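Construct the entire structure; sequences and hints are all you get.
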Amino acid sequence: MSRLIEHPLGIVMLLVISIISVMIIFLIIQSIPILLYRGLEFLTTSSWNPVKEEYGILFALGGSVVVGLISVALGAVLSISLAVFVAEISPVRLRSIFVTLNDIGAAVPTVIYGLWGLIYLAPFLYDYVMAPLSTFLSNVLGVPSRPGTSIFTASVLMAIMIVPFSSAIIREGLLSIPTHLREAIISIGATKWELIWIQVKMVKNYIIGGLLIGFGRAVGETVAVAMVVGNVIQPEFYKIFLPGYTVSSLIADQYQNAEAYTYMVSALFAASLFIFIVGLLANMVGLSMVRRK
Amino acid sequence: MITIKDLNVWYRDNKILDNINLDVPRNVILTIMGPSGSGKSTLLRAINRLIEIYPGVRVEGEIYVDGVNVFKARTEDVRRNIGMVFQIPNPIPNMSIFDNVALGPKLNKLVKSESELRDIVKWALEKAYLWDEVKNRLKEPAAKLSGGQQQRLCIARALAMKPKVILMDEPTSNLDPVATNRIEELMVELKKIVTVVLVTHNPAQAARVSDYVAFLYKGRLVEVGSSSQIFTSPKNELTEKYITGRIG
Numbered sequence: 001m002s003r004l005i006e007h008p009l010g011i012v013m014l015l016v017i018s019i020i021s022v023m024i025i026f027l028i029i030q031s032i033p034i035l036l037y038r039g040l041e042f043l044t045t046s047s048w049n050p051v052k053e054e055y056g057i058l059f060a061l062g063g064s065v066v067v068g069l070i071s072v073a074l075g076a077v078l079s080i081s082l083a084v085f086v087a088e089i090s091p092v093r094l095r096s097i098f099v100t101l102n103d104i105g106a107a108v109p110t111v112i113y114g115l116w117g118l119i120y121l122a123p124f125l126y127d128y129v130m131a132p133l134s135t136f137l138s139n140v141l142g143v144p145s146r147p148g149t150s151i152f153t154a155s156v157l158m159a160i161m162i163v164p165f166s167s168a169i170i171r172e173g174l175l176s177i178p179t180h181l182r183e184a185i186i187s188i189g190a191t192k193w194e195l196i197w198i199q200v201k202m203v204k205n206y207i208i209g210g211l212l213i214g215f216g217r218a219v220g221e222t223v224a225v226a227m228v229v230g231n232v233i234q235p236e237f238y239k240i241f242l243p244g245y246t247v248s249s250l251i252a253d254q255y256q257n258a259e260a261y262t263y264m265v266s267a268l269f270a271a272s273l274f275i276f277i278v279g280l281l282a283n284m285v286g287l288s289m290v291r292r293k
Numbered sequence: 001m002i003t004i005k006d007l008n009v010w011y012r013d014n015k016i017l018d019n020i021n022l023d024v025p026r027n028v029i030l031t032i033m034g035p036s037g038s039g040k041s042t043l044l045r046a047i048n049r050l051i052e053i054y055p056g057v058r059v060e061g062e063i064y065v066d067g068v069n070v071f072k073a074r075t076e077d078v079r080r081n082i083g084m085v086f087q088i089p090n091p092i093p094n095m096s097i098f099d100n101v102a103l104g105p106k107l108n109k110l111v112k113s114e115s116e117l118r119d120i121v122k123w124a125l126e127k128a129y130l131w132d133e134v135k136n137r138l139k140e141p142a143a144k145l146s147g148g149q150q151q152r153l154c155i156a157r158a159l160a161m162k163p164k165v166i167l168m169d170e171p172t173s174n175l176d177p178v179a180t181n182r183i184e185e186l187m188v189e190l191k192k193i194v195t196v197v198l199v200t201h202n203p204a205q206a207a208r209v210s211d212y213v214a215f216l217y218k219g220r221l222v223e224v225g226s227s228s229q230i231f232t233s234p235k236n237e238l239t240e241k242y243i244t245g246r247i248g
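Protein chains in written order, with the working numbering: chain A, 1 to 293; chain B, 1 to 248.
To be clear, the hints were calculated from the coordinates, so they are not data collected in a lab.
None of these values were measured; they are calculated from a predicted model.
From the three backbone atoms N, C-alpha and C, an ideal C-beta is built for every residue, glycine too.
Please note that a few of the clues may not be correct.
[What the hints assert, rightly or not] With a Cα cut of at most 25 Å, we get these calculated BS3-like pairs of lysine-lysine:
| id | chain 1 | residue 1 | chain 2 | residue 2 |
| --- | --- | --- | --- | --- |
| 1 | B | K162 | B | K122 |
| 2 | B | K235 | A | K204 |
| 3 | B | K162 | B | K192 |
| 4 | A | K192 | B | K109 |
| 5 | B | K164 | B | K5 |
| 6 | A | K201 | B | K109 |
| 7 | A | K192 | B | K122 |
| 8 | B | K122 | B | K144 |
| 9 | A | K192 | A | K204 |
| 10 | B | K127 | B | K191 |
| 11 | B | K15 | A | K204 |
| 12 | B | K135 | B | K218 |
| 13 | B | K192 | B | K235 |
| 14 | B | K109 | B | K127 |
| 15 | B | K106 | A | K192 |
| 16 | B | K144 | B | K164 |
| 17 | B | K139 | A | K204 |
| 18 | B | K15 | B | K5 |
| 19 | B | K218 | B | K192 |
| 20 | B | K109 | B | K164 |
| 21 | B | K72 | A | K192 |
| 22 | B | K112 | A | K192 |
| 23 | B | K139 | A | K201 |
| 24 | A | K192 | B | K162 |
| 25 | B | K112 | B | K135 |
| 26 | B | K162 | B | K72 |
| 27 | B | K127 | B | K106 |
| 28 | B | K122 | B | K109 |
| 29 | B | K72 | A | K201 |
| 30 | B | K144 | B | K106 |
| 31 | A | K201 | B | K106 |
| 32 | B | K164 | B | K191 |
| 33 | B | K164 | B | K192 |
[To be verified] So, partial list: chain B residues that the calculated Cβ filter (under 8 Å) puts toward chain A:
| id | residue |
| --- | --- |
| 34 | I51 |
| 35 | E76 |
| 36 | R79 |
| 37 | R80 |
| 38 | N90 |
| 39 | N94 |
| 40 | S96 |
Shown next, in the form of structure tokens:
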């Protein structure tokens, strides 16, 4: 401990750690009033009526979980395919170009994804996916409306946004397989696709880790989701063609008025505490999977 | 068993192998020895066409294995008949001992039933002198074995396809003397069922195990002959310098 304080960089480290700790402590302290006031109902009911001081965030928690799960499922297919393409199929000379393109995808500000999602993706999904499917699935998935903002649209957009991250992790896993192992698999008569399949199974930990990190991002992402999710209190959050809320979009949408009500600040802090915990867990487990090999 | 005719290999603009002609009889150990960079590994990888996975490589010439021109056959069929063992023991780390050996027969659809697969895995592990050490732990990951055991597992993996030829690329260079000794004994035993082509940069190993020795230097085949002839009365001055340790 004393060594840490003596070194100038150690002090920076301590400062960063203390800021994070103070943030978490405040998050917890601020969450206490609403939890005392509403108890478990805060998590198990769907109501958001500040005038009556009624707060139950089940609809938003549900929205976050649904967006997280669908985007990871879609993102899994997309990111494994992309990683396999870049690491195994594309010509070696073009690989660095694809890697750069992929990494640019991770650097695009989320508000740009959000704007693109609102103007192009939402109407496109409405016309070609949601409207056709809802003719016979409206009981299950809900009746969509223009311009197509919905839980589903937010999930697709999040899938697109997490692909650069998870595919980069999976790609690095594939590229880290030593040449002599690839030679060994080929030397026993594996075809190109058998080789790819065996290697994909070898990087299972990278895949799970990459997707968990993606899930953490999807659950926490705010701006882009708030722009396409619809921002409607929707207790039937599992009807994915309807507009809804996620926890982060709820916070982004409601914080301006929060000071006017007794418990709303605390409710927003408690909501953010939950997504913080979920996101942190997903990231930690994800990173440990990637490191375990 | 193996006939190599006028084989030339380029990597981009560099000629790696220069007009190689070589005959390997059935059920012998032929050792390709030479200093590093002489093209030994390339020659070995030309026989099972593994060299072709590297971009920028160009191959000319003919190689016949058991009468079949390998460059006219499907690569998967070529490789099924030619097992390979590498410098680094390389079982597939996330697969069990059993699955590593079973992989070749499964991929190449050589077995029709589970019991047939179990039989072939047992046979291959016995031939590789490994069965007694692993028969009670076949489900364990291959990574738990020692280096020498992993290399014998790789030999079993190659044998399980019932190949006619086994290529070995410096298979003992990462093993301790005891494990090396076991692998060398195993090679001599293996030539009863397959033809072995061994690459080594160690003349002593070549002398211990080979029936025939080919000396490769800077991409050219300098001399081929029976082991006793090469080591007692080499015809070429370069060969003599190499086996006496003055080059390489």
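Quick rundown of the hints versus the structure:
1. B:K162 / B:K122: holds, 13 Å
2. B:K235 / A:K204: violated, 55 Å
3. B:K162 / B:K192: Between K162 (chain B) and K192 (chain B) the Cα gap is close to 13 Å, so the pair holds against 25 Å.
4. A:K192 / B:K109: holds, 16 Å
5. B:K164 / B:K5: holds, 19 Å
6. A:K201 / B:K109: holds, 20 Å
7. A:K192 / B:K122: violated, 28 Å
8. B:K122 / B:K144: holds, 19 Å
9. A:K192 / A:K204: The hint holds at about 19 Å.
10. B:K127 / B:K191: holds, 11 Å
11. B:K15 / A:K204: Violated. K15 (chain B) to K204 (chain A) sits at ~40 Å, over the 25 Å cutoff.
12. B:K135 / B:K218: violated, 45 Å
13. B:K192 / B:K235: violated, 30 Å
14. B:K109 / B:K127: Given pair K109 (chain B), K127 (chain B) holds - Cα atoms ~21 Å apart, limit 25 Å.
15. B:K106 / A:K192: Distance of about 15 Å is within 25 Å: holds.
16. B:K144 / B:K164: violated, 30 Å
17. B:K139 / A:K204: Since the Cα atoms of K139 (chain B) and K204 (chain A) sit roughly 19 Å apart, the hinted pair holds (cutoff 25 Å).
18. B:K15 / B:K5: The hint holds at about 16 Å.
19. B:K218 / B:K192: violated, 32 Å
20. B:K109 / B:K164: holds, 17 Å
21. B:K72 / A:K192: Between K72 (chain B) and K192 (chain A) the Cα gap is close to 19 Å, so the pair holds against 25 Å.
22. B:K112 / A:K192: With a Cα-Cα distance of about 23 Å, the restraint between K112 (chain B) and K192 (chain A) holds, given a limit of 25 Å.
23. B:K139 / A:K201: holds, 17 Å
24. A:K192 / B:K162: OK: K192 (chain A) and K162 (chain B) at ~22 Å, within 25 Å.
25. B:K112 / B:K135: holds, 22 Å
26. B:K162 / B:K72: holds, 21 Å
27. B:K127 / B:K106: Distance ~19 Å between K127 (chain B) and K106 (chain B) Cα, so the pair holds.
28. B:K122 / B:K109: Answer holds: K122 (chain B) to K109 (chain B) is near 17 Å, not above 25 Å.
29. B:K72 / A:K201: violated, 32 Å
30. B:K144 / B:K106: Holds. K144 (chain B) to K106 (chain B) sits at ~23 Å (cutoff 25 Å).
31. A:K201 / B:K106: holds, 16 Å
32. B:K164 / B:K191: Cα-Cα ~10 Å, so holds.
33. B:K164 / B:K192: With a Cα-Cα distance of about 11 Å, the restraint between K164 (chain B) and K192 (chain B) holds, given a limit of 25 Å.
34. I51: With a closest approach of 10 Å, the I51 (chain B) hint is violated.
35. E76: With Cβ-Cβ at 5 Å, under 8 Å, it holds.
36. R79: Holds. Min distance 4 Å.
37. R80: holds, 4 Å
38. N90: holds, 5 Å
39. N94: holds, 5 Å
40. S96: Violated. Min distance 13 Å.
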